Amino acid sequence: MAEARPFQLEARGVSVVLGGVRALDGLDLVLEPGLRTVVLGPNGAGKSVLLRTLHGLIAPAAGTVSWSRPVRQAMVFQRPVMLRRSALANLRYALAVNGVAEPERTSRATAALARVGLERIADRPARVLSGGEQQRLALARAWALRPEILFLDEPTASLDPGATAEVERVIASIAAEGTRIVMTTHNLGQARRLADEIVFIHAGRAAERTAADRFFDQPASNEARLFLQGELPWK
Amino acid sequence: MEMNLPRAFWRLSLTWIAAATAAATLLAAQSASAQGTFITVASTTSTEQSGLFKQLLPEFTKATGIEARVVALGTGQALDMGRRGDADVVFVHDKVAEDKFVADGWGVRRFEVMYNDFVIVGPKADPAKARGKDVIEGLKKIAAAGAPFASRADKSGTHAAELRYWKAAGVDPTQSKTTWYRETGSGMGPTLNTASGMNAYALTDRGTWLSFKNRGELEIVVEGDQRLFNQYGVMLVNPAKHPHVKKEAGQKFVDWVISPEGQKAIAAYKIGGEQLFFPNAKPDR
Amino acid sequence: MFEIFASLGVALQLIGGADPELWSIVLLSLKLSLASAVAGAAIGLPLGALIAVGTFPGRRALIVILNALLGLPSVVVGLVVYLLLSRAGPLGEFGILFTPAAIIVAQTVLVVPIVAALARQAAEDAWGEYREQLTSLGVSRLRAVPTILWDTRFSLLTVVMAGFGRAASEVGAVMVVGGNIDGVTRVMTTAIALETSKGDLPLALGLGVVLIAVVLAINAGAFGIREWSARHHG
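Residue numbers (our numbering), protein chains in the order written: chain A, 25 to 259; chain B, 3 to 287; chain C, 38 to 271.
Note that these hints are calculated values from the structure, not bench results.
According to the in silico footprint, chain C covers these stretches of chain A (three or more CB under 8 Å from chain C): (1) 95 to 102; (2) 105 to 112; (3) 116 to 128; (4) 140 to 153.
Facing chain C, a subset of chain B residues (Cβ under 8 Å, in silico): (5) Thr42; (6) Gln51; (7) Arg71; (8) Val72; (9) Ala74; (10) Gly87; (11) Gly189; (12) Gly191; (13) Leu194; (14) Asn195; (15) His246.
SDA-like, lysine to any residue: derived pairs with alpha carbons at most 20 Å apart: (16) B:Lys215 - C:Leu45; (17) B:Lys56 - C:Asp56; (18) B:Lys215 - C:Leu51; (19) B:Lys215 - C:Ala43; (20) B:Lys243 - C:Leu121; (21) C:Lys68 - C:Asn256; (22) B:Lys249 - C:Ala125; (23) B:Lys272 - C:Asp237.
Keep in mind it's a predicted model, so treat the numbers as computed, not measured.
Note that beta-carbon positions come from the ideal geometry of N, C-alpha and C, so glycine has one too.
Construct the complete structure from the given sequences, taking the supplied hints into account.
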């Protein structure tokens with residue numbers, strides 16, 4: 025795999041207010057290519073809001089999110105949203121709106137399906153697939169766009185262990201090709217398996233950012249330690 | 003690589019609308035299936051609903067190859083239709099209004115075609131004791147008794163005739179706060195339905211009455227008065243005012259209904275053995 | 038009471054009797070109503086979806102106007118279309134007054150608000166589900182309109198059927214712009230009005246029963262299609 029072209033995603037003093045509640049409160053974070061970052065934190069800490077804000081789905085009330093250059097990005101949500109058409113057509117649609125012309129559109133879509141092991145169900149209506157299949161399809165759709173950075177918001181939260189393992193395998197292989205991974209999860213085991221580094225969010229701020237192997241043994245912040253001990257109150 | 007989405011969108015929606023419109027037009031055209039020439043005749047509900055046109059028009063089409071499409075309205079509306087240029091021929095029954103229509107230049111020339119007669123229908127029990135031959139006497143009695151009377155009040159030929167009879171009777175039913183005079187503001191049939199429902203008297207042309215089924219307690223109480231005769235006239239809408247008027251085909255219709263052939267067809271139309279319309283075109287041209 | 042039973046008998050006779058005149062009227066009604074539903078859908082569906090998805094000045098005003106148009110008396114529509122299509126009106130030169138085309142125009146005007154309002158509701162629900170995903174994929178709001186329309190196609194079939202029902206049951210406007218011309222613009226509803234004014238109430242009601250039967254059959258078909266497709270596409 026070719027070395028990833030450098031870029032920098034910089035969030036400075038980002039605050040987000042949703043429904044009168046301050047979800048992010050002056051958060052700072054800088055991301056560059058290469059690593060797999062898992063964002064941890066208690067419920068309501070602002071993990072999902074952070075991902076959406078970085079991805080551009082939510083405009084910050086204060087602060088800035090800036091990219092050093094235009095970067096191809098994609099996002100996979102907790103509940104995959106599939107269009108009412110075949111699995112293959114869902115991928116072709118994503119490629120079409122991103123300006124990928126035929127015949128490349130079909131070949132890329134087919135390759136992406138094969139990548140997540142769904143080539144046999146290419147012609148099945150996407151919305152009647154199982155939850156695990158739909159999430160793999162969502163990963164294939166994201167991957168087909170050749171993102172340089174991929175945001176994943178609790179991608180396995182509604183899946184059974186088998187499907188979760190499948191999805192983790194796909195995420196790991198996408199990361200291995202040089203795509204920057206930023207994901208949230210509640211599954212600490214999953215965080216251990218996938219993360220190079222942990223960003224721990226508390227009360228709308230990045231409380232700490234630590235290499236994964238150290239985080240689970242010696243978290244730097246008091247909040248993270250309580251969280252790992254399961255004592256941090258769930259807001 | 004960036005696709006021009008708005009343009010693609012508009013192209014898509016334009017194609018979409020064009021296709022749908024084409025489909026709709028195709029359907030419409032197919033159902034219109036113009037089998038050659040047709041003319042639009044503005045006429046009255048009395049001629050249409052009595053069934054006269056069902057008999058007359060096919061014979062006209064057979065004789066001339068022209069299809070006549072009849073829009074049946076009140077005389078006032080039918081003349082309006084001519085004035086707006088939406089009809090080629092007007093075939094109605096209100097001599098005063100028709101003469102004015104021609105005098106104002108909207109019609110070319112008026113020809114008398116036929117007459118039928120009006121009758122007053124009312125409850126069998128005849129609470130106003132209006133039964134008889136004299137229309138004016140009958141109306142006076144209805145007014146005196148305050149018996150319910152249903153009027154079309156729609157500026158039709160029948161309505162105009164009714165108002166003339168009231169005037170002759172020296173009664174202005176619309177002036178005073180009368181409760182017995184009910185203005186329906188609708189066609190002959192609906193007015194008869196109303197009269198039948200409330201057991202009211204009403205003035206109607208005989209043809210509509212004969213083909214009317216929902217009579218309830220009503221029957222004819224006044225008939226046979228000379229003044230009840232109801233003259234029909236036909237005229238071509240003036241092409242000088244409306245250049246699109248199909249003057250040749252329209253004139254053919256006028257010529258045909260006053261021709262011996264057309265007059266014979268009118269006389270031949272009967273309901274239950276009873277002749278409804280009496281041709282009286284003057285062979286003066 | 039007697040009349041209602043009599044009309045059922047008449048309706049059965051009409052349906053069983055295969056009276057060619059009746060069937061040509063039924064067929065004309067169907068053609069014109071379907072054409073109006075298609076034309077109304079072609080305008081109303083994109084309009085409804087655009088309002089649901091779009092952010093543009095005047096959007097709220099458009100919603101209010103659209104909802105108000107739902108209560109538009111059909112006679113007013115008939116009158117306006119009549120004045121437009123009349124020889125003395127701005128579109129008079131086309132000479133389509135008192136033709137089936139005029140009926141399609143009037144019915145389409147009546148169908149558009151219904152279709153647009155119902156489509157807006159369906160599209161808004163779908164947009165709520167799709168907005169983040171589509172935005173993430175780089176889909177503009179304008180580009181989302183056809184996507185949402187296509188994805189709600191099964192619900193929209195019901196919407197179009199509602200438009201068809203409005204067109205098929207229409208009498209006031211159709212009478213004014215069509216003229217109820219025998220064999221040309223006489224449709225089920227105007228034929229019913231005519232028979233009513235002739236006092237033949239059983240026949241009028243009988244025709245009404247036939248109309249209901251036909252509309253019912255078409256709706257049942259559409260419902261079947263919807264159910265089947267929804268099962269297969271999720």
